[in-house]
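For the record, the sequence lines run as chains U and A.
Numbering follows my numbering, with no gaps: position 49 of the first sequence is 49.
Every number in my numbering is 1000 more than the matching position in the second sequence, counting from 1.
Be aware that a few hints might be false.
[To be verified] Derived lysine-lysine pairs resembling BS3-like cross-links, with alpha carbons at most 27 Å apart:
no., chain 1, residue 1, chain 2, residue 2
1, A, Lys1167, U, Lys65
2, U, Lys107, A, Lys1159
3, U, Lys196, A, Lys1167
4, A, Lys1161, U, Lys107
5, A, Lys1167, U, Lys74
6, U, Lys107, A, Lys1167
7, A, Lys1167, U, Lys33
Hints listed in this document are in silico derivations from the structure and should not be mistaken for laboratory results.
One-letter residues, chain by chain:
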Amino acid sequence: MERLLEIKNLNIEFHDHDIPERVVNNFNLELAKGEIVGIVGESGSGKSMTAMAIAGLLRRHDMEKKGEIIFEGKELLHASRSEVRQYQGDDIGMIFQEPMTSLNPVKRIGWQVEESLRIHRPDMSKEERYRRAIESLRDVELEEPEKVYRQYPHELSGGMRQRVMIAAAMICEPKLLIADEPTTALDVTIQLQIVKLLQRLNQEKQTSILFISHDLSLVKKLCHRIIVMHDGNIVESGSTKEVFYQPKEEYTKQLIQAIPKLEKLIL
Amino acid sequence: MKKKLLNQPTFLLGTIITSIMLLMTFIGFFYTPYDPTQMDNSNKLAGCSLEHIMGCDNFGRDIFSRVLQGMGNTFLIAVATVTIGVVCGILLGAFTGYFGGWIDEVIMRIIDVIFAFPSILLALVFVSIFGTGKYNVVFALGIAFIPSFARIVRSEFIKYKDMDYVKSARLAGVSDLRIMFVHILPNTMTVLLSSIMIGFNNAVLSEAGMSYLGIGVQPPDASLGSMLSEAQSYLFSAPNYAIFPGVMIILLVLGFSLMADGLKSR
Chain U
1 MERLLEIKNL NIEFHDHDIP ERVVNNFNLE LAKGEIVGIV GESGSGKSMT
51 AMAIAGLLRR HDMEKKGEII FEGKELLHAS RSEVRQYQGD DIGMIFQEPM
101 TSLNPVKRIG WQVEESLRIH RPDMSKEERY RRAIESLRDV ELEEPEKVYR
151 QYPHELSGGM RQRVMIAAAM ICEPKLLIAD EPTTALDVTI QLQIVKLLQR
201 LNQEKQTSIL FISHDLSLVK KLCHRIIVMH DGNIVESGST KEVFYQPKEE
251 YTKQLIQAIP KLEKLIL
Chain A
1001 MKKKLLNQPT FLLGTIITSI MLLMTFIGFF YTPYDPTQMD NSNKLAGCSL
1051 EHIMGCDNFG RDIFSRVLQG MGNTFLIAVA TVTIGVVCGI LLGAFTGYFG
1101 GWIDEVIMRI IDVIFAFPSI LLALVFVSIF GTGKYNVVFA LGIAFIPSFA
1151 RIVRSEFIKY KDMDYVKSAR LAGVSDLRIM FVHILPNTMT VLLSSIMIGF
1201 NNAVLSEAGM SYLGIGVQPP DASLGSMLSE AQSYLFSAPN YAIFPGVMII
1251 LLVLGFSLMA DGLKSR
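Excised from the complex, chain U in its bound form (with noise of 0.2 Å):
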């Protein structure tokens, strides 16, 4: 398969105190086109962080990042800022935690969805702009789409908001979606259509996911590839059968074992 995105050695550093503190120590992915990677990890195990330096959000001046991140054959670490740009919310699309916060109150959502639009594609119509934010707001199972993009963000629940974003991160049908922890802030029936959709949109336009979670059983579902990460450093790797019935490391294997024991039987 065609490789889309590949990290080499990828270190991050904070250097805001006296002693620089190492989030991501020697993280090495390599992500093929239309895979679903899950990386896997308690808080503060440097998962984040590293869809951050991905998505090109790292920008702090107190902070070393080593290593390389190559999409398509483009190194995005150390580009500027500009040359980012032409693939953020392009080529490189990512949804986040909290869908609460993550809309602009004050902007109606079919201006949010169509805003990566407006910025990658300047000579769209204003009609055709219409119609795709529309198709793209069906796409993630949106009811009434014609109604939702009327709508402000204070007028949706959390479910819906979560699919909103997910509508305007893929409206530029990005080749690779970052999904930090897409599900956290959902309640469980929910989690589910998401992750469902997300498989959904996966096979049907070959996106590559990069899909963050501390939720195994739902990374179970999803990923075919699974990275368990601890204290920035990568505990195990492989596909997702090896990591569930064969955990080597005994770090994997007490994440497994913390799976509520009424999930694992109803999933």
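Assemble the complex: chain U is given as a structure, and chain A must be docked to it using the hints.
Coordinates of chain A only, in the frame set by chain U:
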């Protein structure tokens, strides 16, 4: 949203007062019952009558006509002042709040220095350099008004720049300028609007104060402040001369204060 606002008694009352005042100002631009500068010796310091409903001043000029004209001048100066303050304040506040760093430090310290001067004193300095007149007053007051708006906008931008939706806009490849003025600025409007109204009040009062000191609108043109200043020698012989311009200032300020209050408590 509009409907809810108008249901609020303070906002409604403020809107009514302000619209009446604005209407009078507007009419004053095109029509006054008498020529505001026409003197009439037989009517010196005349009291209220049917011909002159607010009476006449020490030169026999119709006070009602002069109040109408004066409100126009006062209003124009206040609007121009607030516009200068708001536009410069938004620009400075947005850049310093969004980018931070040493530029922020430098600009904010300069703004602190301007803020430390009483606005009247600052205006006096300007006027003594550039001479008296409407436009110099607008310029001087405008600069004196920049700091308060810049601070408000800056603190709002600091609050919003790390919100998730700003991050996700950045992630969609939106440029910094567009994030600042299209994504963040509309969020600051509630706070900004009520401070614009308070700023407008301060501008009306400052203009009145400046004209009272004789450095604002120059005679024979009228402004509410200059009328008050002329009226003070006749406080006991012709109280109506001072009362009517004073009441107009109070109403103008009260209307906007009530509106600002209604906006805030929403």
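A quick look at each hint next to the structure:
Distance hint between lysine 1167(A) and lysine 65(U) is fulfilled; the C-alpha atoms sit about 20 Å from each other, no more than 27 Å. Between the alpha carbons of lysine 107(U) and lysine 1159(A) the distance comes to roughly 18 Å, so the proposed pair stays at or under 27 Å and holds. Distance hint between lysine 196(U) and lysine 1167(A) is fulfilled; the C-alpha atoms sit about 26 Å from each other, no more than 27 Å. Between lysine 1161(A) and lysine 107(U) the CA atoms are separated by roughly 16 Å; this keeps the pair inside 27 Å, and the hint holds.
At most 27 Å may separate the alpha-carbon atoms for a hinted pair to count; lysine 1167(A) and lysine 74(U) meet this at roughly 23 Å. Annotation: proposed proximity of lysine 107(U) to lysine 1167(A) holds, straight-line Cα distance about 15 Å (limit 27 Å). Simply put, lysine 1167(A) and lysine 33(U) have alpha-carbon atoms about 26 Å apart, close enough for the 27 Å limit, and the pair holds.
Consistency note: the structure conflicts with none of the earlier hints.
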